[in-house]
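Novice: Spelled out, the chains give:
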Amino acid sequence: MAINLNNSNVATRENRIGSITGYIGTLGDLAKQSECGTLKGCSRCFSQSSTCLSGCALGQLSAIRDIAIIHHGPAGCSIAGAGTYYLDKVMAKKRGVTNNTVYVGTDMNEKDTIFGSTEALRKIILEVNRRYSPKAIFVSSSCATGIIGEDIDSVVDDVKEEIDVPIVAVHCEGFKSRIWATGFDISDHAVLSSIVKPPKQKRNTINFKNFYESARPEIIEIFKNFDLEPIFLYCNSTVEELSHISESLATTCICGTLGNYLGNGLEEKYGVPYIRTINPLGIAGFETWLREIGRVTDRSEKVEKYIAEQREIYIPQIEEIKKELKGLRAVLGMGPGYTFEVSRVLNELGIEVVWALAWHYDKKYENGDVPPSMKYLLENDVDFEASVADQQNYEVMNILHKYQPDLYLSRHPGSTVWAIKNGTPAVYVADEYMIFGYKHTLEFAKSILDSIHNRSFEQNLAKRVKLPYTDWWYQQNVDKFLEEAKK
Amino acid sequence: MPYKIAVATSDGVNIDRTFGSAEYFTIYEINDKNFTLVEKRIFHESQEISPENCENGCDLGCGNGCGNGGQHSEKVDLISDCRCVVCTKIGFPIRKQLEKLAISVFDVNCSVDESLQKITSYYSRIDNHESLRK
Amino acid sequence: MAKLLDKQRYKCALGGMQTVQAISRAIPILHSGPGCAQKLSDSIGSSGYFSPNIFPCTSINEKDVVFGGVKKLETTIENALKVIDADLYIVLTGCIPEIVGDDTGEVVSRFENAEKPVIYASTAGFKGNNYKGHEQVIDAIIEQYLEKSDEKEQGLVNIWADVPYQDLFWLGNIRELEKLIAEIGLKPNTIFGYGHGIKNIDRIPKAEFNLLVSPWVSVENMKKMEKKLGIPYLHYPTLPIGAFETSKFLRSVGKFAGIPSENVEKVITEHEKYYYYLIERYADMFLETRVMAKQFSVVADAQYSLGITKFLVNDLGLVLAKQFITDDTPKNFQEQIKAEFANLNYGIKAEVEFETDSYKIHNEILSHDYHGYPLILGSYYEKEVTEKLFGHYLNISFPVQDKVVLDNFYVGYTGGIRLIEDIYSVAVQRWN
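Chain order of the listed sequences is A, B and C. Numbering-wise (our numbering), the first sequence opens with residue 1 and increments by one. Numbering-wise (our numbering), the second sequence opens with residue 488 and increments by one. Numbering-wise (our numbering), the third sequence opens with residue 622 and increments by one.
Okay, chain A solo, but in the shape it has when bound (with noise of 0.2 Å):
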């Protein structure tokens, strides 16, 4: 599939690739029905509330330093700012930087929905850029300024000679797709459009998309062995770093969802190599990783020792805590980046999953291929539950009360206080590094162990809530409301 950089509206995800947010079966059929392209997402009559895209899209591009996002719309699309703001502040701290990036909104109201704002909105973008000074401008759209027909490309085009910075329009039209991810495709679209420059020298460095960079000071000590040097994206990243990613050596992601439609857009644009294996989660799949970007960057030979010298160190300690994990039961609700890594580490650990929900599947990569996670699991015969639902919560209970696992694993804020409301343990796999590498495998073993060795907290807890779903909906098949579309 071809990414056209030229125009500032991606297509959404479920148009591009044939993304899915219903579906309930076996892996195995998943994975099959997608290879032979006939996998059908399915209508709810019922759903829960979710996610909007612009959180994601405008989540990424905000965290980049020094920049500016102008958000036209009510007040309740731009009060991510609020969180945006305290996020910059803290990570920048950390990292021993400064952020002054500002995250406006533009207070739309019902006058501006008859008459429109394109006006006001021009005006806030030159204020904006006389205030702040940023080093980019990102002006997004919302829900209301879709529908009212603003205009908001002409507007950008309009100031562009008075602002001589980067500025780039960002699509966020919440209604335009359910499938909130997109929204990092949206992102990246920006960034590649806008910001980053053809290369002109080829250097040591290897992109490196992730969300929050807590791994960070660990990952460049590890990749120092292969004298390379890695750029995280887009958390404190500057315009600066960002116009120069297309003279990397590779690009990598912690998460497909995440990083793939950058990947690929600087392969396909710049012929940066974007790494396509499983994710560095786990044993096998840090392996993998690692050497398929040794492969790359020409540097196999110093990966193996890397590898060798590592192993040693840990294999023998991840061996040890298998024994106590092994048998312990578990259903895992995550991204579709996630889901399917996590089900092969579980695997790899000797726990056993009895239902993964995955929050949307990409049935095929940008490049056409089948996930590499779920390639993975269906070559080494692992096979089990799995529905695609998008975050409904109703779904996961009904899974949970049915199954009664031993623990649910889940990485959404709000997600897993419903496990143990049922009186399920529930490990919150927040940090996209949590389970990174050995190092972190083996404490991602451990926390498992800890979750399910002191039950106190769960067990008293569900003993006096009471779950919000009638009995009703817990005698019913998960599937009640996938409404299957017939011939």
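There may be inaccurate statements among the hints.
Dumping the calculated DSBU-like pairs for lysine-lysine here, alpha-carbon to alpha-carbon at most 30 Å [said to hold, decoys possible]: (1) C:887 - C:848; (2) A:111 - C:624; (3) A:439 - A:305; (4) A:135 - C:981.
Honestly, the hints are just simulated from the structure, not real lab data.
Since the structure of chain A is provided, determine the placement of chains B and C on it from the hints.
Specialist: Positioned in the frame of chain A, the structure of chains B and C alone reads:
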């Protein structure tokens, strides 16, 4: 700019065919909100790839179209010059094939006239950056 | 008109979903995009019986935009009634359905005979901010659910105060107000928080009067109840914090309710005795803390800006720098609120500014001479600017990142003490 809409109707009055069951599509041309019926495009059943080619992957009701990746269903090719297609229901893979060609799908149950009114009015406003406020 | 909202301190009207969330066993059903609820919720007390990811939502897509979303709304309500175990279902509309013209009221009216009550409120984001959304939700309850009652319960008074969740202390405050009102012999009724809910909503029409403790939010709700339900109201515009204002507050309520003043005075005396027992023991700290100037600024909504200003001036004898009100207060209330700021001990008048643009607020704070290290009570946005002035900073208004509050409160005598504890816990961290 003029564009075309493909409609799945058997009687010319109501949208009454799923994408898969439509024997033909009625093509309307829209020129500045005015729509004219220009032709009927008949689809020959035998042209479609049979679902049996696809092992047992279709038991979830795949609509139709196990058209192995990239390759379009011939039915999609039939209407590839249209801006959108209107039918009662549509299988997921076909929808994706259409959307990759930037053809929108409206799966609705209403009269042909109503659907055309609504869709043309929507496109007209979107194209001209006008509000969708009623 | 659209305006530059720099470091914003409120959400949109759909934020009224948090008002619904604060009513036990009431659930919002959102006719909106899929992500509105997540965006509008904070991870603050957000895992109760219902939480944002439990809220049913029509998750509007492009087809719904072209062909209308009413059918989807109908099935969503229908199934919400089946799946979710709630007492009250409140449909809230977002931007899209209101612009494209979905008749939400008509759809909701089809559920008139449902087993549980289903009502709706118009909360499109562009209709106003979440203070307005809060009012819209209360309005919906009054208009579509409550009926006038001929039977009155003696001494029963409905209390209305803060906007839940927007105000960090909403739960503790409303409980403390109930407690104080009960002490002077009245029967408080509130609809928010633990153990309250539909049965308290049902009691509303039986009250003898409504008590509103807020500068402007919900004044319209009070008028509506007066008209429809025949309930008179007492509007007390200042959130009473500390002894001075709380005693005044109790006297006003007592007078309005016709309670013998000796009963009220007895309660006041008891409270003031203990309050000043504490103050006396710590007065040396107030006087001798080297690092605190006498001047302070509050950056908050009208409720807190006014309440805290009165407390710090009338109870603690601090001196005012400029105060900022950031809730986009409607113009017709601004004069009235300014008058309250001019009504302080020793004829002190506070300069107050209604401002939603934080860039301007911060510039004013930075350019003001506080005659020493200032005390700034505000949102998380004021942290960095206060640090620049080597001042003391307390996070009391939205957005909140520096404080966790489960059921703490600043209202009343005890609340005043809690606020002193918080302020001086910050001050004692420095010597000079």
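Novice: Would you check the hint for residue 439 of chain A and residue 305 of chain A, treating anything up to 30 Å between C-alpha atoms as holding?
Specialist: Holds: residue 439 of chain A and residue 305 of chain A sit about 17 Å apart, inside 30 Å.
Novice: Take the C-alpha atoms of residue 135 of chain A and residue 981 of chain C, compute the straight-line distance between them, and say whether it is at most 30 Å.
Specialist: Holds, at about 22 Å.
Novice: If you draw a straight line from the CA of residue 111 of chain A to the CA of residue 624 of chain C, is it 30 Å or shorter?
Specialist: With Cα atoms ~12 Å apart, residue 111 of chain A and residue 624 of chain C stay inside 30 Å; holds.
Novice: Within a Cα-Cα threshold of 30 Å, do residue 887 of chain C and residue 848 of chain C meet the stated pairing?
Specialist: violated (35 Å)
The structure fails to meet hint 1 from the earlier list, while all remaining hints are met.
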